[in-house]
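Can you make the complete structure from the sequences, with help from the hints?
Those protein sequences? They're chains W and F, same order as listed.
Start counting the first sequence at 0; every next residue gets the next number (numbering that gives the first Met the number 0).
Start counting the second sequence at 0; every next residue gets the next number (numbering that gives the first Met the number 0).
Hints were generated in silico from the structure; no laboratory data involved.
Take these hints with a grain of salt, some might be off.
If the Cβ cut is set under 10 Å, some of the chain F residues that face chain W in the computed set are [what the hints assert, rightly or not]:
no.: 1; residue: 11
no.: 2; residue: 28
no.: 3; residue: 326
no.: 4; residue: 441
no.: 5; residue: 460
no.: 6; residue: 475
Straight-line alpha carbon distances no greater than 20 Å define the calculated EDC-like cross-link-like pairs of lysine to aspartate or glutamate that follow [said to hold, decoys possible]:
no.: 7; chain 1: F; residue 1: 56; chain 2: F; residue 2: 308
no.: 8; chain 1: W; residue 1: 112; chain 2: W; residue 2: 31
no.: 9; chain 1: F; residue 1: 56; chain 2: F; residue 2: 377
no.: 10; chain 1: W; residue 1: 163; chain 2: W; residue 2: 174
no.: 11; chain 1: F; residue 1: 102; chain 2: F; residue 2: 127
no.: 12; chain 1: W; residue 1: 186; chain 2: F; residue 2: 387
no.: 13; chain 1: W; residue 1: 186; chain 2: F; residue 2: 420
no.: 14; chain 1: W; residue 1: 186; chain 2: F; residue 2: 360
no.: 15; chain 1: F; residue 1: 37; chain 2: F; residue 2: 47
no.: 16; chain 1: F; residue 1: 12; chain 2: F; residue 2: 420
no.: 17; chain 1: W; residue 1: 186; chain 2: F; residue 2: 127
no.: 18; chain 1: F; residue 1: 56; chain 2: F; residue 2: 74
no.: 19; chain 1: F; residue 1: 56; chain 2: F; residue 2: 67
no.: 20; chain 1: W; residue 1: 186; chain 2: F; residue 2: 16
no.: 21; chain 1: F; residue 1: 412; chain 2: F; residue 2: 384
no.: 22; chain 1: F; residue 1: 412; chain 2: F; residue 2: 288
no.: 23; chain 1: F; residue 1: 56; chain 2: F; residue 2: 384
no.: 24; chain 1: F; residue 1: 102; chain 2: F; residue 2: 67
no.: 25; chain 1: F; residue 1: 412; chain 2: W; residue 2: 122
no.: 26; chain 1: W; residue 1: 112; chain 2: W; residue 2: 122
no.: 27; chain 1: F; residue 1: 37; chain 2: F; residue 2: 67
no.: 28; chain 1: F; residue 1: 37; chain 2: F; residue 2: 227
no.: 29; chain 1: F; residue 1: 12; chain 2: W; residue 2: 67
no.: 30; chain 1: F; residue 1: 37; chain 2: W; residue 2: 174
Using N, Cα and C, we set each Cβ at its ideal position, and we do this for glycine too.
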Amino acid sequence: MRVALFLTCVNDTLYPDTGRAVVKLLTRLGVEVDFPMAQTCCGQAHYNTGYRHEAEPLARHFSDVFGEYEAIVTPSGSCGAMVRELYPRMGERARAEGRGDTLAATLAPVVPKTYELTEFLVDVLGVTEVGAYYPHTVTYHPTCHGLRGLGLGDRPRRLLQAVKGLELRELPGADECCGFGGTFALKNSDVSAAMGADKVRNAESTGAEVLCAADNSCLMHIGGTMTRLRTGMRPVHIAEILASTEAEPAL
Amino acid sequence: MSGTFVGMPAFPKAAQEAVGNPTLRANLRHATHTIRAKRAAAVAEVSDWAALREAGKQIKDHTLRHLDRYLVQLEESVTAAGGTVHWAADADEANRIVTRLVKETGESEVVKVKSMATQEIGLNEALEAEGIRAYETDLAELIVQLGKDRPSHILVPAIHRNRGEIRDIFAAEMSEWGRPAPEGLTDTPAELAEAARLHLREKFLRARVGVSGANFMVAETGTLVVVESEGNGRMCLTLPETLISVVGIEKIVPTWRDLEVFLQTLPRSSTAERMNPYTSTWTGTTDGDGPRTFHLVLLDNGRTDTLADEVGRQALRCIRCSACLNVCPVYERAGGHAYGSVYPGPIGAILSPQLRGTGSEIDASLPYASSLCGACYEVCPVAIDIPEVLVHLRERVVQGGPVTLEGNRTVLKPAKGHAAERAAMRAARWAFARPGALRAGQRLASRTRRLHPRTLPGPGRAWSGSRDLPPVPAEPFRDWWQRTNGGDAGEGRAK
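What follows is the structure in structure tokens.
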């Protein structure tokens with residue numbers, strides 16, 4: 000099977016290790032990975048801040064870049080939810096504004112074949128045991144858009160539970176937002192910081208070494224709060240845990 | 000809406016106080032988490048919850064779509080049952096009508112049962128200006144009134160107060176308004192409730208005019224419905240000679256059968272009860288029982304304008320259960336007052352800017368008072384997609400667009416203060432539409448990465464004040480991909 004990796008602009012720029020981990024993991028599972036170089040950003044930051052008209056050309060660009068692939072895999076619940084949940088809505092809004100079906104028709108092909116990484120592993124490849132080895136205590140934060148936007152359910156936890164050496168610890172208040180929320184973190188920084196601090200305190204109470212999530216944006220906010228609060232915990236993307244093996248263990 | 004909230008600063012500033020107040024945050028955290036867990040359990044008991052939620056949504060949407068028809072039917076039914084219907088286009092008109100009706104009775108005081116509509120229009124202040132004193136009789140409303148405070152929750156208006164604070168308010172203020180608090184009042188719930196009971200009972204027995212709201216109005220019979228826990232509402236509805244109910248026009252359900260759905264979903268969503276202790280229904284007037292005169296004031300106050308917006312109108316489905324407040328992580332930290340309205344929390348963040356417009360600083364900031372985590376949508380018993388409306392209203396704030404104001408279609412200009420953001424969004428879109436430009440930016444960031452400061456100037460300070468930024472890697476992913484052809488395993492795959 001050949002898939003396109005939609006890495007997302009944040010991961011591409013700030014978290015290339017996550018991208019390398021996805022490539023390593025999928026290749027190990029026999030999937031042929033392509034990275035279309037023309038990819039940029041799904042437009043979520045624009046859309047969610049109120050700039051829907053600025054987001055539209057980015058969505059069109061996404062469809063142009065990824066439309067030809069059999070499946071599109073992304074290690075971001077949030078950007079995945081943008082494509083799956085909000086691209087159809089952008090099409091509907093354009094129609095409601097009397098701009099016809101063009102946008103909806105352009106975006107439609109990529110919507111059903113875009114998968115968040117854990118969803119792709121469990122639903123499409125049908126695996127929960129991916130041959131990973133990660134000898135650490137881990138607590139899992141199900142990010143809002145992964146949890147409620149995409150309905151990832153227990154897929155990430157099932158994958159983590161099957162990792163050799165990994166001890167999974169329950170995160171109190173797991174389904175509560177960490178407070179990132181894109182531009183929310185800037186526009187309402189006091190509330191955002193308070194939410195982040197509570198999330199970090201809950202994570203710390205588990206005594207785990209690592210806080211894991213399927214979205215680096217949330218991890219950036221949580222991790223930035225962790226170092227500021229000097230907790231000693233590390234934020235790690237789930238792809239890096241699943242890519243880790245006994246031969247090549249991740250930190 | 001209420002004059003009490005005019006001139007509120009934008010939400011981020013208003014929220015600062017609550018975020019920095021440990022007592023308030025502890026009160027809010029305790030209360031919202033307790034009720035959140037109970038609600039989840041009460042909802043889980045119902046096997047057809049998803050179907051009830053869908054039914055509630057559909058009934059409300061149907062009613063809103065044919066609101067004109069149902070309002071006329073309601074007026075006919077209320078009139079036939081001996082009541083009088085008054086129509087109020089806005090707050091001023093509603094206040095004038097109620098003030099006149101009270102004056103016509105010759106009374107100078109009224110008892111009130113929790114009515115958000117009267118708080119929305121600032122009725123108490125309007126009555127006071129005409130020499131009429133309004134006594135709040137719902138326990139939480141009483142605490143708010145005695146404390147010269149504002150409500151901070153839809154269902155638990157005094158949620159921000161703990162027992163000790165309530166004791167102090169009762170001891171200091173009750174004598175000012177009527178029967179004083181008993182000597183040596185402690186902060187045990189039973190003693191506080193008894194003090195309130197004695198204080199209120201005197202008012203119930205004396206009052207000749209009652210003012211109420213309603214949770215629902217049944218069009219087919221002209222019946223109004225109040226759902227409550229304390230029984231104070233029933234006292235207000237049955238003891239006075241004149242009853243004036245002020246109700247938003249969106250509160251109609253067509254039939255009693257439709258009501259059945261909401262009498263299941265409302266208590267479970269709001270107080271986590273299978274059924275609320277008191278459900279009072281009243282239809283016009285009856286000789287020898289209850290009020291001899293009944294007036295219904297139907298309030299628009301921005302509702303038909305909201306109805307004209309095809310994305311935003313779903314806010315009018317709201318049955319004021321407050322489940323969205325109790326799960327909202329932003330409400331939990333910011334408190335209800337920061338929303339600058341009688342409708343706080345996620346529902347307030349979409350209702351207030353629609354009812355009042357986005358002209359003021361607070362209303363323009365409310366659509367941003369959310370991380371879009373979606374917890375509010377998940378719990379809403381009438382499936383209001385609050386995140387969708389928030390984003391829609393953000394668009395209105397930053398880009399302007401068509402709206403209906405006082406019944407007229409007009410095009411709104413963008414709100415002030417977003418020019419820099421708009422320019423940044425345009426620049427980002429420009430770069431993202433050109434992979435080459437994005438790549439150049441990434442490379443520049445990588446090359447200068449040792450020069451990046453730990454704390455940022457300007458708007459970036461909002462981030463770096465409480466969080467560390469991640470270090471920029473030496474090489475963006477796409478450069479690694481191209482350099483290595485996708486790593487060891489990906490030979491020959493780069494496009």
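Do the hints match the structure? See the list:
1. 11: Cβ of residue 11 of chain F sits 5 Å from chain W, so the hint holds.
2. 28: With a minimum Cβ separation of about 9 Å from chain W (threshold 10 Å), the hint on residue 28 of chain F holds.
3. 326: 9 Å, holds
4. 441: 5 Å, holds
5. 460: This hint holds: residue 460 of chain F lies near chain W, its Cβ roughly 8 Å from the closest one there, short of 10 Å.
6. 475: Nearest chain W Cβ about 5 Å off; hint holds.
7. F:56 to F:308: 17 Å, holds
8. W:112 to W:31: 16 Å, holds
9. F:56 to F:377: With Cα atoms ~13 Å apart, residue 56 of chain F and residue 377 of chain F stay inside 20 Å; holds.
10. W:163 to W:174: 25 Å, violated
11. F:102 to F:127: Given pair residue 102 of chain F, residue 127 of chain F holds - Cα atoms ~12 Å apart, limit 20 Å.
12. W:186 to F:387: 18 Å, holds
13. W:186 to F:420: Holds, at roughly 11 Å.
14. W:186 to F:360: This hinted pair holds, its Cα atoms lying about 14 Å apart.
15. F:37 to F:47: With Cα atoms ~18 Å apart, residue 37 of chain F and residue 47 of chain F stay inside 20 Å; holds.
16. F:12 to F:420: Since the Cα atoms of residue 12 of chain F and residue 420 of chain F sit roughly 19 Å apart, the hinted pair holds (cutoff 20 Å).
17. W:186 to F:127: 39 Å, violated
18. F:56 to F:74: 24 Å, violated
19. F:56 to F:67: Holds. Residue 56 of chain F to residue 67 of chain F sits at ~19 Å (cutoff 20 Å).
20. W:186 to F:16: Between residue 186 of chain W and residue 16 of chain F the Cα gap is close to 16 Å, so the pair holds against 20 Å.
21. F:412 to F:384: Given pair residue 412 of chain F, residue 384 of chain F is violated - Cα atoms ~25 Å apart, limit 20 Å.
22. F:412 to F:288: Measuring from Cα to Cα gives roughly 54 Å; hence the hint is violated.
23. F:56 to F:384: With Cα atoms ~11 Å apart, residue 56 of chain F and residue 384 of chain F stay inside 20 Å; holds.
24. F:102 to F:67: With Cα atoms ~31 Å apart, residue 102 of chain F and residue 67 of chain F exceed 20 Å; violated.
25. F:412 to W:122: Status violated; Cα separation ~46 Å.
26. W:112 to W:122: 12 Å, holds
27. F:37 to F:67: Distance ~38 Å between residue 37 of chain F and residue 67 of chain F Cα, so the pair is violated.
28. F:37 to F:227: Given pair residue 37 of chain F, residue 227 of chain F holds - Cα atoms ~18 Å apart, limit 20 Å.
29. F:12 to W:67: 48 Å, violated
30. F:37 to W:174: 16 Å, holds
The structure shown violates the earlier hints numbered 10, 17, 18, 21, 22, 24, 25, 27 and 29.
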